[in-house]
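> For reference, the chains in residue letters:
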Amino acid sequence: MTRGDSLSRRLLVWLLLPLLVLGSLMLLQAWFEARRTADRAFDRLLEAASLAIAEQVQWQDDRLWLDLPPAALEMLATDAEERVFYSLIDRRGRMITGNAELPGDQREAVSDDDTLLYRDVTWQGLSVRQGVRRTRLEDWQLREPFEVRVAHSREGRDALAAELWRANLAMILAMAALAIVALLLAIRTALAPLTRLRRAIRSRDPRTLAPLELRLPRELAELRDTVNELLARMRRVRANQERFIGDASHQLRTPLAGLSARAELALRQDDPARWREALVAMQATSSRTARLAMQLLSLTRLANPEYRPERAPLSLNAIAREAVREHWTACHRAGVDLGVATAAADVEILGIDWQLAEALGNLIDNARRYGARHVTIRVGEQPPSLSIEDDGPGIPAARRTLMLRPFHRDRDDLEGSGLGLAIVDGIARTHGARLAMSAGPGGVGLRVTLRFPGDSP
Amino acid sequence: MTLLLVEDDALLAETLTETLRLQGHEVCCLDDGSAAHERLAVPGHGLALVLLDLNLPGCGGLEVLEALRAHDRATPVLILTARGAVEDRVRGLDLGADDYLAKPFALDELEARVRALLRRRSPAAALTAGPLTLDIRQQRFTLEGEPLTLPPREQRLLACLMQHAGTPVDKARLAEEAFQGDAMGDNAIEVYVHRLRKRLAGSAVALRTVRGLGYLLEAE
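Just so you know, the protein sequences line up as chains A and B, in that order. As numbered in numbering that gives the first Met the number 0, the first sequence has no gaps in its residue numbers, which increase by one up to the final residue, 456. As numbered in numbering that gives the first Met the number 0, the second sequence has no gaps in its residue numbers, which increase by one up to the final residue, 219.
Because the hints were derived from the structure by calculation, they are not lab data. Source: prediction; values computed, not measured. Where hints are given, some of them may not hold.
Residues on chain A that point at chain B, a partial pick, calculated with CB under 7 Å [as the list claims (entries may be wrong)]: (1) Ser-286; (2) Trp-327; (3) Met-436.
By construction, the Cβ of each residue, glycine as well, lies at the ideal position given by its N, Cα and C atoms.
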């Protein structure tokens, strides 16, 4: 597990990010709530103070007159170092009295009667909360309108808001800490089976292909089953390989035993004619053994599922001609007439040239070995195909599929290795081609056809 | 004219050296890839032909070949190897080998290939196929010591077949050699081949038909 990418880290990040956003929103909301609560509480004080002032306004000597009770202002000054301002304004907007010329409020009053308007203003560089009360004298004969403006600086409000918010913050942080702890525990618990699976795989003997046996939650059980399927496939491949190696060893040991025995026998004799006889026999056996070893290599390569050589566009006509050029002399010496029937148009497929050459070589070799006199390589156009037709004894239909198995030989076959057709079959499969066997032209001999898929380039 | 044989199997090396010496060649034999690399990597090795195994101790045969081809493209190289797969053959030929023999091979085959490579190196004044010879400079044929006069097209056809004696030659190629681009049907080639066959009849050299492909000149 690299540090850069881990499941638990991903889970943590994707769970923590929304949690963080949520927490921030809660903090923000708590802040606004604290502000609102503080404002509500202090606005009550502004209301009470302005009311206390308004009640003291009287009409004397044709003008408004205020005798301000100290309590009216004291209630606005809390423990914090707040500054309190007031002013009384008459109907013409003139300031009658007060300790500061507070600005007016332009908003229309909701009713004509007694109203109070709050707002936050910055006045002379000071951020204050102001209340403007518009009212009239409560006199039965004179109802002179006037305005009381009251304001105080925000220290008290801010202190209260901060206090309220701090209480909330502590709670939110505690919740967040709890959530993170719970998250970590949950992730650990959820990922524990993964750790168990990793340990189980790591502690395995690399040579065993036995299936993994451990109880896992559903998602990991699927993974385990997939791994087990792969292991089962590998077991089959290995069993196949072991059988093949056993067969191969047997196949190679037999001719070597023959060679050794023949040499031993010759050494016991003194007749040069017998020696010559032995040498001829030994030469034949050794070249057959060498060919067998080569075929075993080809087959092993073809059976390797990891072996995927590059395919390139090829002309089947050219491949067929080349095969004739290569094998004609050997066939001619053995008294076999090898020929080619190319297609009128050039037939192109995607393939591996040397594999097709090897397939044709094996098929020509087989035909020659089994007593054909005439062998023809035929190129077909629709679908693209390569066929080898011979006039030999052929193979009865019932036994044709058997011939594709490695080391399978007919009983009367003394010379072949039983690998040729298996190799051709392997090559056909790497080309996605179908290998078909039928009777040759006129029902005589054998025709082996490689039919390639039609997706010619 | 020394031949270099690089082969690590003692029995095979001994047999091949003996065979080539009996053919009248001087043979130098190395059994190790590094020694071969040392000998071939620098100019002035003075060899007429290199017979090279691919599976060598010390240094791989393909590496040796690459080192040789880095400075010398002329000296022919014949690869001998147990890796019979055609894939390896292609790789060897791509790297600049001239020919390839998969082990095991018949000694006859080896001798023929060595002869062919040496001939290619110093183009002979004459081509021979059994009793038939062609004096290349004068374009004159002799059959069993007797001069054989031929019309130009038959002459060119036979010369082409002689160049590739022992291997089948495509009809298309023969047509091009004989008629040098003139459009002529396959039937025309057949006529000329028929005539040549009549001229060669009774001698130890035969003109064989390769069904569907072309013809081949073979000394019996």
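> Would you list, in rising numerical order, the hints stated earlier that this structure does not obey?
Going through the list in order, the structure violates hint 3 alone and respects the others.
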